[in-house]
Amino acid sequence: MSELLTLQRDVIAALRDAGADARAARWLAGDPAHLERRLAIYRANMLASAEKALSAAYPVSRQVVGDDFFRGLARAFQRETPSTSGDLGDYGIGFPDFLAAFAHTQSLPYLADLARLEWAAHRAYGAADAPDWVPSALAAVDPEDQAAIRFAWSAGTAVVDSPFPIVRLWTIHQPGYTGEFDVDWRAGECALVARDGFAVRVSALARGDAAFLRAALAGAALGDAASAALELAPDFDLGALLARAVATRLVCGFTVEPT
Amino acid sequence: MTFTTLPARAVGIGLRQPHYRELFERTPALGFVEVHSENFFLDGGASMHALERARAAWPVSLHGVGLSLGSADELARQHLAKLQRLVERIEPTLVSEHLCWTGIDGVHVNDLLPLPPTHAALALLAERVDHVQSVLRRPILIENLSAYVAFHDAEMTETAFLAELARRTGCGLLLDINNLWVNAVNFGFDPSARLAELRGESIAQIHLAGHAAVDACLIDTHGALVSTDVWTLFEEACRRFGPRPTLIEWDTDLPALDVLLSEAARAATIADRAHADV
Chain A
630 MSELLTLQRD VIAALRDAGA DARAARWLAG DPAHLERRLA IYRANMLASA EKALSAAYPV
690 SRQVVGDDFF RGLARAFQRE TPSTSGDLGD YGIGFPDFLA AFAHTQSLPY LADLARLEWA
750 AHRAYGAADA PDWVPSALAA VDPEDQAAIR FAWSAGTAVV DSPFPIVRLW TIHQPGYTGE
810 FDVDWRAGEC ALVARDGFAV RVSALARGDA AFLRAALAGA ALGDAASAAL ELAPDFDLGA
870 LLARAVATRL VCGFTVEPT
Chain B
3 MTFTTLPARA VGIGLRQPHY RELFERTPAL GFVEVHSENF FLDGGASMHA LERARAAWPV
63 SLHGVGLSLG SADELARQHL AKLQRLVERI EPTLVSEHLC WTGIDGVHVN DLLPLPPTHA
123 ALALLAERVD HVQSVLRRPI LIENLSAYVA FHDAEMTETA FLAELARRTG CGLLLDINNL
183 WVNAVNFGFD PSARLAELRG ESIAQIHLAG HAAVDACLID THGALVSTDV WTLFEEACRR
243 FGPRPTLIEW DTDLPALDVL LSEAARAATI ADRAHADV
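First to last, the protein sequences are chains A and B. If you want the working numbering, it's the 1-based position in the first sequence plus 629. If you want the working numbering, it's the 1-based position in the second sequence plus 2.
Since the hints were made in silico from the structure, they are not lab data. The structure displayed is predicted, hence computed values, not measured ones. C-beta: ideal position from N, C-alpha, C; glycine also. Keep in mind that a hint or two might mislead.
On the chain A side, residues computed to face chain B include the following (Cβ under 7 Å) [as the list claims (entries may be wrong)]: (1) T713; (2) G715; (3) L717; (4) L859.
Rough simulated footprint, nothing fancy, chain B against chain A, three-plus residues with beta-carbon under 8 Å [said to hold, decoys possible]: (5) 650-658; (6) 697-708; (7) 770-779; (8) 788-801.
Bound-form chain B, shown alone (with noise of 0.2 Å):
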C-alpha cells in the first residue's frame, strides 16, 4: 500500500501561526508541514489563505485531533464531512488521526483519550477507519497514543492493536515515538519489544516531540526538545523499519523556527545515519 507520495527521507515541522511570515518569507527546503485539521474547518479568511500558501510551498499534511474515532456512541458525521472538504480543498499527502476518544454523548473535553485495547474495541475501531477511508477515498494513519492511565482488562498491548487494525482496514500507522517513550516510563514496558511488534509496511509516517516530567510521570506537552532517550528510540525505529517521513512537533511554548529547523535537521541525520549502517 503507498500511503504517500513524500520520500521517506523528508522531515517536516509543525506550521504554527506565529511562524508563518518568517517561512513564507525564508521559504525553507522543508519536506513537508503539517497542521492540525480541525485549525482549518473554516470556509475562507486569513488562516485558510496562508495554508493554501504553505501547500503551494509544500506538500502538506492534515492531523486530526478531534474525529474521536474511538468514541462508542457513534462517529461525527458532521467532522468527517469538513474533514472531507479540507482535504478536497488542500489535497494532502498524508491524513492522520489517533487511536483514541475524546468524548461521549456529544460532550468532549477535547482531549486525546486512550482506548482499553480490546478486541471489541477493536471491531469497533476497524469500523470506523474502513468507514472514514471510503468517505476520504484515501486510506488514512493511525497513531499511538501517549496516555497516563492504562486499562485493567487490556487484551493486547496498543501496537499489537494498531498492527491488527492496520492488517484489516489497510490504514497506515503514524509511530509517534515519544508517545511510545512516554507510555513505556508511565507503565514500565520496553518499548523495543513493543516496535518488534509492529510490520514496517505499515508506518507510514513518525512523529517526534518532547515531553515534561512531572512526579514521576511523563507527560506529552509537545513543548520541549526531543529528548535524549526519544531520539535514541527514533534511531532505533529507523534502523528496523528504515527511514519513515518524520515530523518535528510542536504545539506549546512554541520556540523560534530555527530552533524547529534545527531539530528537523537532527533528525535527518541521525535517519541517514542509521540507513548507512544497515
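The following block holds chain A by itself, in its conformation from the complex (with noise of 0.2 Å):
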C-alpha cells in the first residue's frame, strides 16, 4: 500500500472521529499543542459542507425543525452516513430514512415524508428540461391500441405518498406564502412533484390520480395504469387527468406497443 494512501486515510479516520487524531499526527508537522485545533477547521468545514448541503435539498425540513436543531441534524447523518461524492448535489439521499429511525425525531412523525417529498423537489430543480412534442399526435393513435400507450413524463417527475398532510406542510412553508396557516393533521395526501418550465410544483394528487401515475411512472401502458387507479378509486377519471398532464407538459412524449 502506498505512503499517500495511508496517511489518507489516517486524515479521513481523524476528521471523521476527533479520538483518532493521534492517526492523523503522525503524518503532521508542527507544534502537536496546535494540532487538534488545526484538525478542528477541517472538522468544521466538513459539517458545514454537509449541513450547506442538506439545507439546499431540505429548506421545508429546516424550517420545520429550526436551525439549531437542523444543524444537529446534519451533525448526526453526517457521521452515520458521510458524503460519497464530489458534488454536494447528491449528498442526502438517505436523510428522510435517518430522520424516520432517529430517536430524536420521533415527535414529529411526518418529518421523514415531508423530507421524501423535498428530496424529490430537489432532483426535480436540476432535471434535463422537458422537450417539445406535439400532443395532437395521441389522436391519432388507433383506438384498439390506445390501452399500449407507454407515456414519456417529464424529467423529475415523482410521486410521494403519505398519512401525513405534506403538500399542506411544503405550501405553508414556500417563501412568499401569504394564506391560512391551518393544517388538517389527519388527512393524508400523495403529492406530484414536478417541473413546469423552471419551476418546480407540488400539488395533491386524487386517490386515482396517484394510481395511475405511480404505474405509468413506473413503466406502465396506459392500460394497465387505469385499471390499478380504478381499482383503488371507481371515480377514477382518465380523461380529465391526462388532459392535464398534457397541458401541464407532465407528459412529454409517448410510445405504443401494441401487443
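Two chains, two frames, a set of hints: combine them into the complex.
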C-alpha cells in the first residue's frame, strides 16, 4: 500500500472521529499542541459542507425543526452517512430514512415523508428540461392500441405518498406564502412533484390519479395503469387527468407497443 | 502554451445565485465570471439556464472543488465525465481544479485537503492532470491551496511542486494570492520567495479573496474583503509576472454586488499600476 494512501486513510479517520487525532498526528508537522485546533478547522468545514448541502435540499424540513436542531441533525446524519461524492448536490438521499429512524425526530412523524417530498423536488429542480412535442399525435393513435400507450414523463416527475398532509405542510412553508396556516393533521396526502418550465411544482393528487401516475411512472402501459387506478378509486377520471398532464407538460411524449 | 482567450487584464467575479437578477439586469462590464463546476452538474433547470444566460453575456470560467485529483486510491471517473459534459455545454474560457484531495475510499469530506509535497504525490498528480487534460482535450489550471496543517515528510515547497507539475504536464497554474498569504502566516514562510519559484508563463489566472483570523491562524473563508497584505502581495505578483486574468472570490456571507464590483475595480487599478511601473 502506498504511503500516501495510508496517510489519507489516517487523516480521514481523524477528521471523522476526534478520538483518532493521533492517526493524523503521526504525519503532521508543527506544534502538537496546535494540532487539535487545526484539525478542528477541517472538521468544522466538513460539517458546514454537509449542513449546507442538506439545507439546500431540505429547506422546509429545516424551517420545521429550526436552524439549531437542523444543524444537530446534519451532524448526526453526516456521522452516520458521510458524503460519497465530490458533488454535494448528490448528498442527502438517505436523509428521509435517517429522520424516520432517528430517536430525536420520533415526535415529528410526518418529517420523513416531508423530506422525501423535498428530495424529489431537489431532483426535479436540476432535471432535464422537457422537450417540445406535439400532443396532437396522441389523437392519431388507433383506438384499439390506446391501452398500449406508454407515456414519457417530464424528467424529475415523482409521486410521494404519505399518511400526513405533506403537500399542505410544504405549501405553507414556501417563501412568499401568505394564506392561512391551518393544517388538518388527519388528512394524508399524495404529492405530485414535477417541473413546470424552470419551476418545481408540488400539488396534491386524488387517490385514483396517484395510483395511475405511480403505475405509469414505473413503466406501465395506459390500460394497466388505468385499471390500477380504477381498482382503488372507482371515480377515477382518466380523460381529465390526461388533459391536465398534457396541458402542464407532465407528459412529453409516448410510444405505442401493441401486444 | 495558451491557456485562455481572456485578455491578461481581464477581471472577474464569482457568479452566485443571490446576484443573478441584478447581474443580468445591469450586465456590468466584467472580463469574465466564474462558477464552481459542481453546482452545475445538472441535466437542466433554472441553474443551468442562468449559467447559459451568463455565458451569453461574459466568458465563463469553471472552477472545480470536487474532482479530488490527489486521492491515492483512484480518480473519480464519473465526476470527470460530468465535468466533461459541462465543459462541452458551456465552452468555458478556463477550467481549473485544486492541488488537493477531498476524500478516500469513497468517503468525501467535501473540503480541500492538502497533499504532502513529495515526489510520489507529484508523480500521482502529473498522471491525473495528464488524464484530465486528455479527456477534456484542453489544458487545465491547478490552484495552490490554503492549509492549516503541514506534513513532516515534505520534500519540496508547494510552489516548487506546482512549477514542476506545470513543466511535466503543460497545465497552467491558478495562483491564489490569498491562499499563499494564509499559508505564509500559518506556517511562517516568506511568500515572495515562493513567488520566485514559479515561472510566469505557467500562471494563467489569479484568485483574490478574504480570510479570517482565529487564534493566530488565518482561515480562508472567502467571506471578507481582500486584506491589505493580500493586495500588496498581488501587486508584487503583478510586477513580477505581469497582469493575469484575476478573480474576486466571495462564497460565504455574500455582500452586495457593488462590493464585489468595487473589489474587482481595485484589482484592475493595482494591475494597471504595477504594469505601468515595470
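How the hints compare with the structure:
1. T713: holds (5 Å)
2. G715: Holds - the Cβ of G715 (chain A) comes within 7 Å of chain B, reaching about 3 Å at its closest.
3. L717: holds (5 Å)
4. L859: Given a least distance of 34 Å, the restraint on L859 (chain A) is violated.
5. 650-658: holds (count 4)
6. 697-708: violated (count 0)
7. 770-779: violated (count 0)
8. 788-801: violated (count 0)
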